[in-house]
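Colleague: My request is simple: use the sequences and hints to build the entire structure.
Top to bottom, those sequences are chains V and Z.
Per our numbering: the first sequence = residues 1 to 449.
Per our numbering: the second sequence = residues 1001 to 1346.
One or more of the hints may lead you astray.
If you anchor each label on the Cβ, the simulated ranges turn out as follows [unchecked claim]:
{"#": "1", "chain 1": "V", "residue 1": "433", "chain 2": "Z", "residue 2": "1111", "range": "17 to 27 angstroms"}
{"#": "2", "chain 1": "Z", "residue 1": "1222", "chain 2": "V", "residue 2": "365", "range": "58 to 68 angstroms"}
{"#": "3", "chain 1": "Z", "residue 1": "1285", "chain 2": "V", "residue 2": "412", "range": "30 to 40 angstroms"}
{"#": "4", "chain 1": "Z", "residue 1": "1169", "chain 2": "V", "residue 2": "412", "range": "17 to 27 angstroms"}
{"#": "5", "chain 1": "V", "residue 1": "415", "chain 2": "Z", "residue 2": "1031", "range": "17 to 27 angstroms"}
{"#": "6", "chain 1": "V", "residue 1": "274", "chain 2": "Z", "residue 2": "1115", "range": "45 to 55 angstroms"}
{"#": "7", "chain 1": "V", "residue 1": "429", "chain 2": "Z", "residue 2": "1231", "range": "54 to 64 angstroms"}
{"#": "8", "chain 1": "Z", "residue 1": "1337", "chain 2": "V", "residue 2": "429", "range": "55 to 65 angstroms"}
{"#": "9", "chain 1": "Z", "residue 1": "1150", "chain 2": "V", "residue 2": "415", "range": "17 to 27 angstroms"}
Just so you know, the hints here were simulated from the structure itself, not pulled from any lab data.
Computed from a predicted structure; not experimentally measured.
The beta carbon of each residue, even a glycine, is placed where N, CA and C say it ideally should be.
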Amino acid sequence: MTAELIHRLHFAFTITFHYLFPQLTMGLALLIVVLKSVALKTGSEQWDRAARFWGRIFGINFVFGVVTGIPMEFEFGTNWARFSQLSGGVIGQPLAMEGVFSFFLESAFLGLFLYGENRISKLMHWFSAVMIFVGSWVSGFFIIVTDAWMQHPVAYDRLPNGQFEVLSFWQLLFNPWALLQYCHNMMGAVVTGSFVMSAVGAFYLLEGHRAHSARIFLKVGVIAGLASSILIIFPTGDLAGKYVAHHQPITIAGMEGLFKTEAGAGMVLIGQPNPDTGQIDNPIVVNDLLSFLIYGTTKAEVKGLDQFPRDQWPTALPLLFYAYHIMAGLGTWFVFLMFVSAFLLWRRRLYHSRWALWALLLSFPLPYIANTAGWMTAELGRQPWLIYGLLRTSEGYSSTVSASNGLFTLLGFMGLYALLGLLFTVLIYREISHGPEPKAKVPEITHAA
Amino acid sequence: MGFIWFWLVAIMIVAYVVLDGFDLGVGVLHLFLVRTETERRTTLASIGPVWDGNEVWLLAGGGTLYFAFPLLYASAFSGFYLPLMIVLWLLVLRGVSLELRNHVDVGVWRALLDGVFGLASALLTIFFGAALANVLRGVPLADDGFFFLPLWTNWHPGPQPGILDWYTVIGGVVALVALTLHGALWIILKTSGDLADRASRMVKPLCVQLIALTVISLGATIHVRPACMDNYFNYPFTFIIPVGVVASLAAIWVFNRKGQPLKAFLSSCLYLFFMLAGACWGLYPTLLPASTGAERDITLARAISGPHTLAVGLAWWAVGMTLAVGYVVFVYAKFKGKVDLASPGH
Chain V
1 MTAELIHRLH FAFTITFHYL FPQLTMGLAL LIVVLKSVAL KTGSEQWDRA ARFWGRIFGI
61 NFVFGVVTGI PMEFEFGTNW ARFSQLSGGV IGQPLAMEGV FSFFLESAFL GLFLYGENRI
121 SKLMHWFSAV MIFVGSWVSG FFIIVTDAWM QHPVAYDRLP NGQFEVLSFW QLLFNPWALL
181 QYCHNMMGAV VTGSFVMSAV GAFYLLEGHR AHSARIFLKV GVIAGLASSI LIIFPTGDLA
241 GKYVAHHQPI TIAGMEGLFK TEAGAGMVLI GQPNPDTGQI DNPIVVNDLL SFLIYGTTKA
301 EVKGLDQFPR DQWPTALPLL FYAYHIMAGL GTWFVFLMFV SAFLLWRRRL YHSRWALWAL
361 LLSFPLPYIA NTAGWMTAEL GRQPWLIYGL LRTSEGYSST VSASNGLFTL LGFMGLYALL
421 GLLFTVLIYR EISHGPEPKA KVPEITHAA
Chain Z
1001 MGFIWFWLVA IMIVAYVVLD GFDLGVGVLH LFLVRTETER RTTLASIGPV WDGNEVWLLA
1061 GGGTLYFAFP LLYASAFSGF YLPLMIVLWL LVLRGVSLEL RNHVDVGVWR ALLDGVFGLA
1121 SALLTIFFGA ALANVLRGVP LADDGFFFLP LWTNWHPGPQ PGILDWYTVI GGVVALVALT
1181 LHGALWIILK TSGDLADRAS RMVKPLCVQL IALTVISLGA TIHVRPACMD NYFNYPFTFI
1241 IPVGVVASLA AIWVFNRKGQ PLKAFLSSCL YLFFMLAGAC WGLYPTLLPA STGAERDITL
1301 ARAISGPHTL AVGLAWWAVG MTLAVGYVVF VYAKFKGKVD LASPGH
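Modeller: Written out as structure tokens, the structure is:
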């Protein structure tokens, strides 16, 4: 295994595991604000209890997000030193901004939200929830800005020594790529949050207890789930896709498995791309659909991979194709499931439709898969570039860190994260089993002034 | 601009050491200071709402270092690859074990989590001290400004050293003792009764050890890097820094004896500040010295980002840090006073 591959796997593994947590953090942060707002407005203890329950899940999830997130900032330097040396002046900025603008805010108000409910007013507690929401969503924004600059570099100049330099703060921050990707990504996070909340509600109802809490979870989860499932496709996914097609046409060709340039290009629903023969094996195709989705007309010409030199093709073409199709396929299922569930909710039949509750319960892992597949689409699609069109991945990894040392620490992370995954599952399972009822066993810790 | 950014990054590192330092120290100390579950919960509750925010200084400081000095960030992080990865694993284990013990009610698992938390805290203090010592000693930089250090070679700070040699181990021990003392003073400040008394009795021996170690580390540093004294002799008024080190150590001792825990704790903050400021001043304007010849040093001028980057950075940094300091003050004010375990049933 080459050093380049090891460093790529190192980052891919740690970032994939990490992002299992923030997507729920960001999604739940919004839903907790909803719960707290209803509780504040109606004074309902049930909604407050629901907010506290999800606050506990949030707290555990947040910790795992923090501890798996710290390695990410380090890995830019440890594993991607040549890239960092050249681009640090640009992408170091949004990464530092995340710490300065978002993490301080989040950590301050999370402490208050989780530990301080009995020493602040109800309004202040609601405000803490809002600040956690703002902090986590701002944090996501800076990470997207970082990635967007690598996908679509803007507002930069190169110094004589080859380093990149920022020319405009606002252009860096409001990179069009970042805005589109951000909206799409945040809707993905809300999908995860809503599906998890709905699944816990469905679980309680199927179990036949905690009906009141379960109905709150389902109501909030399904309504937010329907809204976010639609928004993630239209307009955010649609616009992001068109932007990619415009600025990275080769990426779209790879995602869709379009080997040959076509007018009236069809969309492959299922199949296996074969880079050697330049064909899709066992394809199921909808004629003209791809041309229509990108250009709004069925006759438009879509550039295939044959238009580009081989050394610019995405390096893991089949994986890119599968990742994109898994994301899109699951996205379609989300809309369908949430549409049916919302219809049943409206007709007051959801709480008794066991088949729908089962479907909601069993679907909770799917948004995690879809979000991961979506990010794989974005990052594999960018290959072989680290900074699109400017710096190749092969020029960016730490040349002083050997493949052997990289493998050593990759294995270390795999072992550690296996342990974390186990621990997380056990803890969340315990919280869900215990449910939203107040805990009274252990004496509460207070901070007497 | 270079001068400003050098000290901005330095201040963020100092803030990290002073703040996360006490919760690291509490982690080390709770292993052998507390006797009952209640005491343990009290001790951990004293850092519960703040440790995460304290650690943010590491990320914010690292991020600032990243864009202000990309070459230094890239060179140091890839060169110190192995110890940094170990630090990351320790940070992961420490955060998880501290935060999750409250969600676990089985004694055996709690004991395990407490052990992991204490051990990870101790190892982190040692690694951080050794890291600073590595920077002071210098690393085998190549012409392109990169290097790679094994964990150890022959334990001597020569031209091809390892991460650990006799000098950097001293640095690690100084950090362990200094932060354990720092943690003890925090516990005295935030708790009461028997627990605070026992912590108070530990201050004296820790102080004695720290005085001895401070003197030894100072001598060793001058031995390993004689050039670190140049700035002091060129600007004699800066001898105020070592004077500050001695004075703050004495103040810890005196205020603890007088039973003024806040002043003792603040003196310890000052001690850490003076030690780190002294190291920074000893290096300036070098950021990472080369053991392979001074012409290969990574200097401020060589590592600093371009002027546009720094101008953009300074604008948002000033706004952001003002906000950040506001949150920090707000949180510490909200959780001020001593931690008490109060049962709602009583």
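Colleague: Determine for every hint whether it applies to the structure shown.
Modeller: Now for the hints, and whether the structure bears them out:
Separation of residue 433 of chain V from residue 1111 of chain Z is about 23 angstroms and conforms to the stated range, judged on CB atoms against 17 to 27 angstroms. Against the hinted window of 58 to 68 angstroms, the Cβ-Cβ separation of residue 1222 of chain Z and residue 365 of chain V comes to about 60 angstroms, which satisfies the hint. For residue 1285 of chain Z and residue 412 of chain V, the hinted distance range of 30 to 40 angstroms is satisfied, since their beta carbons lie about 36 angstroms from each other. Taking the beta carbon of each, residue 1169 of chain Z and residue 412 of chain V are about 23 angstroms apart, inside 17 to 27 angstroms as hinted.
The given range of 17 to 27 angstroms is respected by residue 415 of chain V and residue 1031 of chain Z, whose C-beta atoms sit roughly 24 angstroms from each other. At roughly 54 angstroms, the beta-carbon separation of residue 274 of chain V and residue 1115 of chain Z lies within the given 45 to 55 angstroms, and the hint holds. A C-beta distance of roughly 58 angstroms is found between residue 429 of chain V and residue 1231 of chain Z, which places it inside the suggested range of 54 to 64 angstroms. A hinted range of 55 to 65 angstroms is violated for the C-beta pair residue 1337 of chain Z and residue 429 of chain V, which are about 36 angstroms apart.
Checked against the hint of 17 to 27 angstroms, the pair residue 1150 of chain Z and residue 415 of chain V passes, with Cβ atoms roughly 22 angstroms apart.
Comparing the model with each numbered hint stated earlier shows that hint 8 is the single one that does not hold.
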